[in-house]
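Colleague: Working from the sequences, and respecting the hints, build out all of it.
Here is how the chains run, residue by residue.
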Amino acid sequence: MSADRRLTRRAFTSGLTSFGLGASSAFAQGFAGLGGEATGFAPVVPGRQLVFPADFGAHPAFRIEWWYVTANLRDANGTDYGAQWTLFRQATAPPPQQEGWANQQIWMGHAAVTSAATHRFAETFARGGIGQAGVHIQPFHAWIDSWDMAAIAPMNDATLAPLQLSARGTDFSYALRLDATQPLVLQGDGGYSKKSERGQASYYFSQPYFSASGTLALDGKPIAVTGHAWMDREWSSQPLASDQTGWDWFSLHLASGDKVMLFRLRHADGQHYFAGNWIGRDGKSVQLAPSAIVMTPTASTTIGNRKLPTQWRIAMAERGLTIDCTPLNAQSWMGTSFPYWEGPITFHGSHSGVGYLEMTGY
Amino acid sequence: MLNVVNLSKTYRSAQDEVSVLRGVDLRIAAGESVALTGESGSGKSTLLHLIAGLDDADGGEVWIATTQVLGLSDAARATLRRQQLGLIFQQFNLVPSLSVADNLALQARLADRHDPAWQAELVERLGLGEMMKRYPEQLSGGQQQRVAIGRALAVKPALLLADEPTGNLDEATADDVLHLTRDLVARSGCAFLMVTHSARLAAMLDRQVHLHAGRIA
Amino acid sequence: MSRALWILAVLMSHWRRHPMQFATLVTGLIAATALWSGVQALNQQARASYDRAAAIFGGTRTATLIDPAHAVFPQQLFVDLRRAGWPVSPVLEDRVQIGGRSFRLLGIDPVTLPPEAAAISTVGPRQLAAFIAPPGRTLVAPETLQDLGLRDGATPQLNDTVTLPPLQLEPRLAPGVLVMDIGMAQRALNKPNEISRLLVGQQTQGMRPPLESITGSTLQLVQPDAESDLARLTDSFHLNLTAFGLLSFLVGLFIVNSAVGLAFEQRLPTIRTLRACGASLRMLTAVLIAELVAISLAAGLLGLIGGYLIAAALLPDVAASLRGLYGARIPGQLALDPQWWLSGLAMSTLGALAAAASSFVKMARLPVLAAAMPAAWHETQQRWLRLQGGLAMSMIFTAAGMAWFGDSLMSGFALLATLLLGAALALPVVLDATLDMGARWSRGPLINWSWADSRQQLPGLSLALMALLLALAVNVGVGTMVSSFSTTFLRWLDGRLAADVYISATTDAQASAIKAWLAQRHDIDAVLPSGRAEVQIDGAPVEILGLADHATYRDRWPLLQATANVWDKLRDGDAALVSEQLARRLKLDVGGRLPILTPAGPWSLGIVGVYADYGNPKGQFAVNVDAMFEHFPEALRTRFGLRVAPAHIDTVVNALRRQFDLDSRQLADQATVKTESKRIFNRTFAVTTALNAFTLGVAGIALLTSLLTLGNARLPQLAPLWAIGLTRRRLAAIELAKTMAVALVTALLALPLGLVVAWCLIAVVNVKAFGWRLPFQMFPLQMLTLLGVAMVAALCATLLPVLKLARMQPAKLIRIFADER
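Protein chains in written order, with the working numbering: chain A, 48 to 409; chain B, 2 to 218; chain C, 12 to 832.
Hint data in this document are derived by calculation from the structure and do not stem from the laboratory.
Keep in mind that a hint or two might mislead.
Only some residues are given here: those of chain C computed to face chain B with a beta carbon under 8 Å [as the list claims (entries may be wrong)]:
1) W17
2) V21
3) S24
4) P280
5) R283
6) L292
7) R293
8) T296
9) S370
10) K373
11) R376
12) Q728
Computed from a predicted model, the values in this text were never measured in an experiment.
Here a beta-carbon is modelled for each residue, glycine too, at the ideal position from N, C-alpha and C.
Modeller: Given below as structure tokens:
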């Protein structure tokens, strides 16, 4: 049992996005075995200029990739919600690309809606090459099964907006419109995001300025909502080092209009790797020095037989920031083939606002 | 050693009630042997069964040493029987599938009181030395009853109860068996109560009591 | 603890002095456990192999979408449905030939395969990449590998053109199936972008839009409870086996019950003595239960070994009949899981405890000092008989109710169970009445005594006699059914195998060549073309048989019902003869209509007759062969029959074999086919017959042990007779006569009961289990034989105790008077 989880965790953290198949977590582990080497896949190197709209689409020469949207939402009564829409891609073999069923891409979708009382999620899988899942560049359209993220024409390539986002599970569904006026933001050093001192890295850009509006449906009951949304686009061939056991990742919408992305990659020996970007309301993205970030768990929640730090104090002395983060729902557990924690948070202190927390490898 | 106080017993059936014992009082000291006589149906056996905890009374008390028998649970009565009482019946009641030796040791083993020296003395006095490996069906009636007496005394009981122990034996054998029993009782120092309808046998014991109309006369 | 052990030792000493009783008890437990667990092992083995089949069948346990009009449909419908939120997974399936053998090739998509569609995850985690990425893998069962004569990793060729992905052994897979990625399957079968069906998973992404809004009327949803599930189909067969196993188990328990009861009875004095000596009731009960559990565990273990041997011996027959009847393939090697051993031991222990329950109750109520005499049976006997009689009546009434109102296989078996149980309970009542009557009519004190004594003996024997009655009745019933079947079947085969020589060519071209060659010969009376096709009706496959218009069929075809001029109507085209199974399943009648979908469009057939089609798991109907080819232009024209004069058959067959290099699967004469069919059907009932014999054997043991244990108890009753001047020999003869008389009455009662059982099997159980009904026939000779066997069994069982009596030392009889009990 614990061996299983260790394998799963390793799979997730040694450079693989989570691909499990069906209800079989054994399958997921199978993919873990693929993660060891990146031979034949394209390497992530510093200095590559990201190009839009081309980089909206898939990069099959790289092994893994994701299109990731999180939204902090609120209804007319002031009740808070969170929504997640994720499309993962993984290649089972290096290029060249094969046609039809022989295509080596496997796609995985995760979707979730969180409220203070419930956390609902769904998961689905597809093979590339036949049309069940994929990403079109122009007009922009990412999909798996009936879940879509599609451009609403005319879409602005600089802002990747407006978009229509929808997904459904057994007991929930949502349809959101995402608008943005500010351009995309490059994370790390001009889109090159280092994940360890030994060169593991990914290409990483975001759209943190989305405003969201639309409808959630919980158990068939529609709820009109508005709020902030954040999109991450990331691709790599081996983003994590082998001794990294998981990560704690934050996206923060400050009330001032500034945005902060930061993460901690946990090392088995306790020498964690910190990174982040401060994104001003003017759109300027500044990389944070690892030594300038202090992340301290302040309370934890037990889910099943796992213990997760669900409340955090974050301090950045240089920026005059000291905040305490609390989850909307401490039980925001994604019990998918590769399980992890992902849910909306609020924070108070020197700054206040909302955001999303993602924790893997617990 | 035995003290029976105001003991009463009534048998009820759908048709009628028969009061067998109506306030029996009886006291027997350690080392004393007492014969209980009475007509058929006078309640001799019933009294014996109540003393042995084999049946429930309607009123009164039965004390064996410092224990009140009535009111004890089945398990506690069983413990009392195997440690404090020796029972001898007219039918011998040996276990047919056990050898004489095993039958002799039966109660002592149950009570966890197996005393080889005492057992050897009993075998010697009862004259069973030659037949230890035989089975009950290979013995005569008198021999079987000797085995039953040995079984009852092997545990060194506080009280030996006998219900017509010689009823199935001829006169000479009966006398023989009873003499032996009396000697062994005296030797072990226990109290001895014997139910009999024979005045001749009753006269061989220290004291005779007569049960009539549900009372000790 | 040492006290408990000492009590145990005292109680167990009884067995040392009475080894025969101990043997009885152990034999009963062994027999019960062996037969029950043997049958369970067979069932388990078969079920495990269905799971293997279902593991990849998918379609039978999962709802599916099919195109009712076409074998395959475009893959785009799969994508469209997924995009609309339907949790579907594609499957492509076809039959392929490799090295002259036929296999099912199955293409699946492991990524979308619903977890509930596969009982096993057919594609293990590590092989996924290898499975879907070129060159891929072909998963096969060990049996398939053997059939192909290839090793793991080999790459066989299809039709000498397409190379399959490397073979990989998958022991959990069903035999005869090749599983590969759907992409590889499309290439191998040359069906790019086509699929045969979609498995519909249970996990949904919210509300599904209606099917029609996505795929129009192309696809049809087939619910998983369609009749085609192998496990469901064979359920009846296994129920049959289980019923037999249970019957044997009960008969075994009868033995255990009488042995335990007698042991208790005989140990009562010991138990009283132990209580008088200060063993508590609770401890005695605990020790007695411990003793029984220990004995039943040991006996159960031996029984399990026996059960394993029985199962191993019967497995080939079971496998053969399942293949013959249902087309289900079972591997010939027994593989048993720990659960089987555990449940066998549990059955043995619980059975022994159940059998001993009444004895335990009796002991708990026992006064310590009651006179140590065996319970006075005769006093309570009349009351018991009345109670038992009442119970028997209510059972028989229930059975009648089942026969009248029941409409399922389960109710059929319940009917049998209540009938048999009611009859068994009624037996002592009937015997008692018979003996009473005999006593009234007899003259002379000795005869009178012997009637009365038999009556007194009855309670001790009645369980054994009940066992005998049940075993005999079931034997008569099953024997009658099997014989009815084989008589009917042979007659039916004569009708169905109308042609003298059967040919199945490999290709249409070869078929034409053979026909041309035959046309030039003068020893051929007629060539009867035939055709075969398959359609789906209500989601289950149904066979279509194309028959030529020929006198052969008119004369011989085994019609159960028909309209006037049935063959003329069939020749006209739009008419069909339906098999009895299909008629029952679809509730079709002569005069009704059967609409089907054919490649050439819908075809509405008028039903002009119903024919017997014994043993076919699939529904079938027959149409005119020319009409069939009009509607199924693709159907193979490779099968045909020949009418040849008997004298010329060998010549024709040999000439054909030489000329066209045909093997035994492609060319057979009627006699060979008939022999083969008879062989299959004989094996079908071989299991039944074997279990039948076992049951009779166990009943014999029950009788023997009951008589043996009664022997000692009866001495006190016989001793006075000896004392007043009857010789031991005479006494023994009387004993023998009495027991044989009682056994004979029982056996005679078993005969009509057996016929009722046969009727239930033929008219109720078979119809539900197999879909056809046999004409009921009686076989007096067989019944007489069985009667003889039963009497011989009773004689054997009686002889031993009677001989013991005849040779008994007078001293032992004298003892009866001297001894106190």
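Colleague: Now look at each hint and say whether the structure bears it out.
Modeller: To see whether the hints hold, each was checked on the structure:
no. : hint : verdict
1   : W17  : 5 Å, holds
2   : V21  : 6 Å, holds
3   : S24  : 4 Å, holds
4   : P280 : 7 Å, holds
5   : R283 : 7 Å, holds
6   : L292 : 6 Å, holds
7   : R293 : 6 Å, holds
8   : T296 : 11 Å, violated
9   : S370 : 18 Å, violated
10  : K373 : 17 Å, violated
11  : R376 : 13 Å, violated
12  : Q728 : 19 Å, violated
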